[in-house]
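Protein chains: 2
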Amino acid sequence: MGKKGLDTKEHIKKIAYQLFVDKGFKEVTMKDICDNAGLSRGGLYRYYESTEQIFSEIISSFLTVQNTELQEQIDNNISAIDILNQLLEKYRLEMLDARNSLSLAICEYFSKKRIEENDNLLSQQYQMSFSSWDRLIQYGILRGDFRQVDSRTIFDLILFSYQGVRMYSLLMNISEDIPQRIIKQIQSLLIPVQKLEEYK
Amino acid sequence: MGKKGLDTKEHIKKIAYQLFVDKGFKEVTMKDICDNAGLSRGGLYRYYESTEQIFSEIISSFLTVQNTELQEQIDNNISAIDILNQLLEKYRLEMLDARNSLSLAICEYFSKKRIEENDNLLSQQYQMSFSSWDRLIQYGILRGDFRQVDSRTIFDLILFSYQGVRMYSLLMNISEDIPQRIIKQIQSLLIPVQKLEEYK
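Residue numbers (my numbering), protein chains in the order written: chain A, 1 to 200; chain B, 1 to 200.
Rather than coming from a laboratory, the hints here were simulated on the basis of the structure. Predicted model, so just to flag it, every value in this text is computed and none were measured. Keep in mind that a hint or two might mislead.
Stated by the list, open to error - Using 30 Å as the maximum straight-line C-alpha spacing, the simulated DSSO-like pairs for lysine-lysine come out as follows:
1. K23(A) <-> K26(B)
2. K195(A) <-> K4(B)
3. K9(A) <-> K31(A)
4. K4(A) <-> K14(A)
5. K26(B) <-> K26(A)
6. K195(B) <-> K184(B)
7. K26(B) <-> K31(A)
8. K14(B) <-> K26(A)
9. K90(A) <-> K13(A)
10. K184(A) <-> K3(B)
11. K23(B) <-> K9(B)
12. K13(B) <-> K23(B)
13. K26(B) <-> K14(B)
14. K9(B) <-> K26(B)
15. K3(B) <-> K13(B)
16. K90(B) <-> K14(B)
17. K31(B) <-> K4(B)
18. K3(A) <-> K14(A)
19. K26(A) <-> K13(A)
20. K90(B) <-> K23(B)
21. K26(A) <-> K3(B)
22. K26(B) <-> K14(A)
23. K3(B) <-> K31(B)
24. K31(B) <-> K184(B)
25. K31(A) <-> K4(A)
26. K23(A) <-> K90(B)
27. K90(A) <-> K26(A)
28. K23(A) <-> K3(B)
29. K90(B) <-> K31(A)
30. K195(B) <-> K90(B)
31. K9(B) <-> K184(A)
32. K26(A) <-> K14(A)
33. K13(A) <-> K31(A)
34. K26(B) <-> K13(A)
35. K9(B) <-> K195(A)
36. K3(B) <-> K14(B)
37. K184(A) <-> K31(B)
38. K26(A) <-> K4(B)
39. K90(A) <-> K13(B)
40. K26(A) <-> K13(B)
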């Protein structure tokens, strides 16, 4: 696929992303996407056959981007604490940004199918996301930036509390201090006290 | 309301609970509840006017039961560690029991409305649930069972990681070790090392 094709796909995903955020998964149609992206039916179907295909590609792109960025920072020998704080700051902002949450769409998309069918996509994502966090945590331990922790435990805590807050943020007002408390706790699990002091 | 009326309400809530678990919130009708509870239309409407009313009562009962049980155990001077472990064990089993999760129904129920309307019910529940956990944590600190922790931080971590796992459990297979890791981490945040050893 040439550059023009790739650009069009990016454009479609960006438009579709906002529609999924606004309306959930069930209520978005291929026609909505055509209309909002300024494409003809043929123009859209050249790239995607269904909203499901677009949705699953959007979800995958998130992780790919995060993995690539993380690896670059590690390759550039940036402090693990800086990388961590930057990631957690991103998560914090996302937790507060209820209007941009895909949680309802994710709920609807995956609950339409049997768990076994999802398992490929979601379990894969869980694994990919873990291996990216594991890389960061091992790197931090090796550099002496982090405590000797079990990276899976920390990862589960980060992932699920993040998802829990994002789900709740659709349902009630999440005050600033909730993500802040969670993030502070995760930092203190990873970063030894004296290093935490240095970063204040 | 006499005992018979209260029993009928309990029966209705039990039947409705299973329907909400199986079908989410949107697809359950008052007729479904009549049919499954073996009640006439009039019999049901004497107690509840809508599925919304039944749903919000189900959610409230959970918390009331948890609060009452907790207070009883504290009044009986039971070790805070025992109370904690019992609660966490209950949470662990619920996290693994995807088929009994109300998460999809909760998502659908609350996302139907504007956040401001929900705020009464959900924020109230968040506060109630916090005050019950806070009571336990302060009691544990006072008895010397727990470390000097910030109870709100621990509460947020427990609540949101629990909710995150419950949501995910609708979508993918949650292996036994995920809730186990989360619970072990929470225990070790609360219980000092030497006390943890005693309980192994």
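Okay, the hints, checked on the actual structure:
no.	hint	in the structure
1	K23(A) <-> K26(B)	holds (15 Å)
2	K195(A) <-> K4(B)	violated (63 Å)
3	K9(A) <-> K31(A)	holds (16 Å)
4	K4(A) <-> K14(A)	holds (15 Å)
5	K26(B) <-> K26(A)	holds (13 Å)
6	K195(B) <-> K184(B)	holds (14 Å)
7	K26(B) <-> K31(A)	holds (25 Å)
8	K14(B) <-> K26(A)	holds (29 Å)
9	K90(A) <-> K13(A)	holds (21 Å)
10	K184(A) <-> K3(B)	violated (49 Å)
11	K23(B) <-> K9(B)	holds (21 Å)
12	K13(B) <-> K23(B)	holds (15 Å)
13	K26(B) <-> K14(B)	holds (18 Å)
14	K9(B) <-> K26(B)	holds (21 Å)
15	K3(B) <-> K13(B)	holds (15 Å)
16	K90(B) <-> K14(B)	holds (19 Å)
17	K31(B) <-> K4(B)	holds (22 Å)
18	K3(A) <-> K14(A)	holds (16 Å)
19	K26(A) <-> K13(A)	holds (17 Å)
20	K90(B) <-> K23(B)	holds (24 Å)
21	K26(A) <-> K3(B)	violated (43 Å)
22	K26(B) <-> K14(A)	holds (29 Å)
23	K3(B) <-> K31(B)	holds (25 Å)
24	K31(B) <-> K184(B)	violated (44 Å)
25	K31(A) <-> K4(A)	holds (22 Å)
26	K23(A) <-> K90(B)	violated (35 Å)
27	K90(A) <-> K26(A)	holds (28 Å)
28	K23(A) <-> K3(B)	violated (45 Å)
29	K90(B) <-> K31(A)	violated (46 Å)
30	K195(B) <-> K90(B)	holds (21 Å)
31	K9(B) <-> K184(A)	violated (44 Å)
32	K26(A) <-> K14(A)	holds (18 Å)
33	K13(A) <-> K31(A)	holds (14 Å)
34	K26(B) <-> K13(A)	holds (28 Å)
35	K9(B) <-> K195(A)	violated (57 Å)
36	K3(B) <-> K14(B)	holds (16 Å)
37	K184(A) <-> K31(B)	violated (48 Å)
38	K26(A) <-> K4(B)	violated (42 Å)
39	K90(A) <-> K13(B)	violated (41 Å)
40	K26(A) <-> K13(B)	holds (28 Å)
Of the numbered hints listed earlier, those contradicted by the structure are 2, 10, 21, 24, 26, 28, 29, 31, 35, 37, 38, 39.
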